Amino acid sequence: MIEIKNLHAHVEGDGTEILKGIDLTINAGEIHAIMGPNGSGKSTLSKIIAGNPEYEVTEGSIVFERDFKKIDILELEPEERARMGIFMAFQYPVEVPGVTTSLFLRTAFNEVCKAHGVDEMDALDFNEYLKSKMAMLDMDDKFINRPVNVDFSGGEKKRNEILQMAVLNPMFNVLDETDSGLDIDSMRIVADGVNKLKNDNNAFLVITHYQRLLNYIVPDYVHILHDGKIIRSEGKELALQVEEKGYDWLLS
Amino acid sequence: MSNLIENFKTLKNRAETGHPAWLNTFQDERFANFEKAGIPTVKNEEWKYTNLAQLSKEKFDALTDSEGAIPEEYNTYVNKDELNIVFTNGTLNNELSNITEISGVEIKTLKNALVENEEEIKAILAKNDIGNTDAFIELNNALINDGVFIKAKKGTVSEELIHIVHLTTTDKPIVNNIRTIIVLEESTEINVLESYVAFGNNAKYLSNSLTDCFVNDNATLHYVKAQTESEASYHIGNTRVSVERNANFKGFTLTTNSGFTRNELDIVINGEGSDGTLHSLYSIFNEQHVDNHTSVDHRVPNCTSNQLYKGILNDASHAVFNGKIFVRDIAQQTNSYQLNKNLLLGKKAHVDTKPQLEIFADDVRCTHGATIGQLEEDEIFYLQTRGVSRKDAIRIIATGFAEESVEEIKLKAIQSKLLYLLQPSIDNLSHGQL
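Line by line, the protein sequences are chains L and Y. Our numbering puts the first residue of the first sequence at 1, with every later residue one more than the last. Our numbering puts the first residue of the second sequence at 253, with every later residue one more than the last.
Note that these hints are calculated values from the structure, not bench results. Mixed in with the good hints, there may be bad ones.
To be verified - With a straight-line Cα cutoff of 25 Å, these simulated DSS-like cross-link-like pairs (lysine-lysine) come out:
no., chain 1, residue 1, chain 2, residue 2
1, L, Lys114, Y, Lys643
2, Y, Lys599, Y, Lys643
3, Y, Lys664, L, Lys142
4, Y, Lys300, Y, Lys576
5, L, Lys245, L, Lys229
6, Y, Lys593, Y, Lys662
7, L, Lys142, Y, Lys606
8, Y, Lys599, Y, Lys576
As the list claims (entries may be wrong) - Here are the in silico distance ranges between beta carbons for each label pair:
no., chain 1, residue 1, chain 2, residue 2, range
9, L, Val57, Y, Gln626, 41 to 51 Å
10, Y, Asp333, L, Lys114, 54 to 64 Å
11, L, Val57, Y, Thr293, 56 to 66 Å
12, L, Glu128, Y, Ser318, 52 to 62 Å
These numbers come from a predicted model, not from an experiment. A virtual CB, placed ideally from N, CA and C, is assigned to each residue, including glycine.
Hey, can you work out the whole structure from these sequences and the hints?
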């Protein structure tokens with residue numbers, strides 16, 4: 001579904017290279033985890049996939065395959081990537097004052113509909129659709145009339161990200177340190193949501209510093225990122241080894 | 253004498269007033285005061301950022317006019333079943349007005365009040381101890397043609413909207429001097445919306461309005477001023493409010509898609525346990541200019557005041573905010589807040605903001621701040637990652653910024669009207685941060 005080849009990148013306006021040649025292939029139906037120490041480039045990778053303009057790619061490609069068509073997404077705007085089915089759950093979801101969560105979700109949903117030539121949904125139908133997704137995720141509907149993420153707790157913000165994922169139904173999902181700042185209950189709720197959304201046609205890339213989240217979202221592959229490169233890729237057991245021994249043994 | 257003052261003098265003399273003798277004397281005195289004060293220049297600290305040089309060169313033809321067709325937008329904006337007092341080009345429009353009765357509230361034109369409530373009006377006009385007393389207030393007093401008198405009688409609480417509409421339809425350059433007087437007796441609560449609208453009219457005219465509000469003990473006035481005038485027009489508006497014991501003034505001012513605007517809102521807090529809330533939104537584009545001056549005078553202890561002025565500036569528009577807070581030496585336990593937030597979207601747009609705090613009491617809490625900035629890039633990016641184009645993201649976030657203010661207004665009927673007026677400025681948003 002997604003094929004990252006020899007990806008090099010640095011912060012826009014700053015020459016220091018952060019990603020130094022990433023190669024990663026993810027197929028439909030798979031869950032991949034990327035682990036790594038602080039500063040290894042984990043979050044940079046997710047931001048580049050989403051199209052954050054703060055980073056500049058100097059070499060390599062990210063090819064996304066959908067409906068038997070392969071497209072290098074690096075030249076696309078963030079919204080074009082989103083409409084094609086690429087989604088990033090933010091580590092720090094952004095507050096948008098004055099814009100209600102339900103309006104935000106409906107606008108986003110209808111953008112995706114438009115891009116695929118499907119009829120847009122009106123407010124009434126969308127509310128029904130939204131309610132069904134919230135029920136699936138065991139979410140309370142009190143915050144859909146509140147402004148996006150404003151005065152949300154850390155757990156609510158992350159659950160809102162998963163709700164957006166459920167509503168937009170993307171193909172390729174990146175979870176950028178979704179576990180940071182979450183207590184164990186919130187983490188379980190978020191993980192349950194992801195497990196419900198996972199199917200044979202979509203794929204997940206879970207970026208995390210700790211192994212903890214991977215107890216709940218079980219990966220097929222674990223990659224260790226260090227100094228801008230993937231230095232090891234194995235099955236889920238690798239995460240347990242990191243939990244036990246830390247990162248140092250991998251780096252020497 | 254400047255040409256403009258001469259021009260106003262001619263208009264004053266030409267007007268057939270039919271006023272009582274005391275009013276003629278009063279107006280003559282006030283015109284003399286106006287002549288003495290003259291048109292303020294930028295050398296005057298209060299007018300530093302709002303230059304009246306252009307206005308000084310204008311020539312006006314009349315105080316009122318009867319020409320012009322009613323624009324289509326008017327019928328969308330005004331619900332004819334609601335209580336409406338409508339003036340077109342300075343004259344009461346009987347056809348459009350719907351002055352239904354609200355039990356316990358006296359509502360009439362100033363002309364009628366001058367006959368029916370002569371002594372009361374005389375006393376109110378003579379009051380000159382609340383807030384601003386500048387040249388344009390003198391001018392308003394000297395040239396008043398009509399206006400509205402509203403009095404809520406003791407104990408009356410009404411949820412009904414009282415809508416005063418000043419609609420300009422004429423192409424003639426007129427000088428419209430509107431006076432509104434709102435009196436809330438003890439333990440009353442009413443909702444008043446004053447609209448200054450032109451809807452597509454491009455005429456050059458001057459609205460010089462003055463509204464005086466008297467909020468007595470235990471009363472609450474919800475007062476909204478909404479303004480969408482011709483881009484070639486001048487609007488100089490003064491609103492003066494006195495608040496007595498345990499009373500509330502909840503004010504909101506909207507200026508959007510207008511011409512050259514100066515709004516002054518002065519509130520004097522005279523009674524303990526009271527609150528003054530002054531909120532505002534300005535959303536402007538092209539070369540529109542809006543200057544908001546506020547003054548909150550805490551004269552007694554244990555009161556609060558709250559000012560939040562928010563602006564969206566596109567293109568080469570210009571906004572000024574000058575907010576004064578006075579806390580007199582006896583006004584202990586005052587809690588006063590002031591914030592001016594500006595979204596600067598146009599490349600040539602600019603803002604001059606100036607807080608002015610004069611605090612003579614020692615046990616008070618006064619906070620103030622001002623921000624001028626663009627939209628947060630991380631908010632725009634967040635929406636983009638959900639499939640929303642950059643242009644739409646900017647529109648959605650800026651609309652949110654605007655709607656957030658409007659949604660604080662109590663009556664939904666007013667909210668929807670203001671959102672309607674905001675639409676042209678929202679449609680013009682995309683010029684900015686693209």
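Hints, one by one, checked against the model:
Between L/Lys114 and Y/Lys643, the direct Cα distance comes to roughly 16 Å. Compliance with the 25 Å bound is thereby established for this hinted pair. At roughly 16 Å between alpha-carbon atoms, Y/Lys599 and Y/Lys643 fall within 25 Å of each other, so this suggested pair holds. Distance restraint check for Y/Lys664 and L/Lys142: the Cα-Cα separation of roughly 21 Å lies within the 25 Å cut-off, and the hinted pair is therefore satisfied. Taken as a hint, the Y/Lys300 and Y/Lys576 pair is honoured in the structure, with Cα atoms around 15 Å apart against an allowance of 25 Å.
Straight-line distance between C-alpha atoms of L/Lys245 and L/Lys229 comes to about 20 Å, which keeps the hinted pair within the 25 Å bound. A hinted pair counts as satisfied when its Cα atoms are at most 25 Å apart, and Y/Lys593 with Y/Lys662 qualifies at roughly 22 Å. Of the pairs offered as hints, the one joining L/Lys142 and Y/Lys606 is violated, with about 40 Å between alpha carbons and a cut-off of 25 Å exceeded. Under the criterion of a C-alpha separation no larger than 25 Å, the hint pairing Y/Lys599 with Y/Lys576 is inconsistent with the structure, at around 29 Å.
Between L/Val57 and Y/Gln626 the beta carbon distance is about 26 Å. The supplied range of 41 to 51 Å is therefore violated. Under the hint 54 to 64 Å, the C-beta atoms of Y/Asp333 and L/Lys114, about 38 Å apart, miss the expected range. Taking 56 to 66 Å as the suggested C-beta distance range, the pair L/Val57 and Y/Thr293 conforms, at roughly 57 Å. Between L/Glu128 and Y/Ser318 the Cβ separation comes to about 54 Å, which falls inside the hinted range of 52 to 62 Å.
Figure legend: structure checked against the earlier numbered hints; hints not met, in rising order: 7, 8, 9 and 10.
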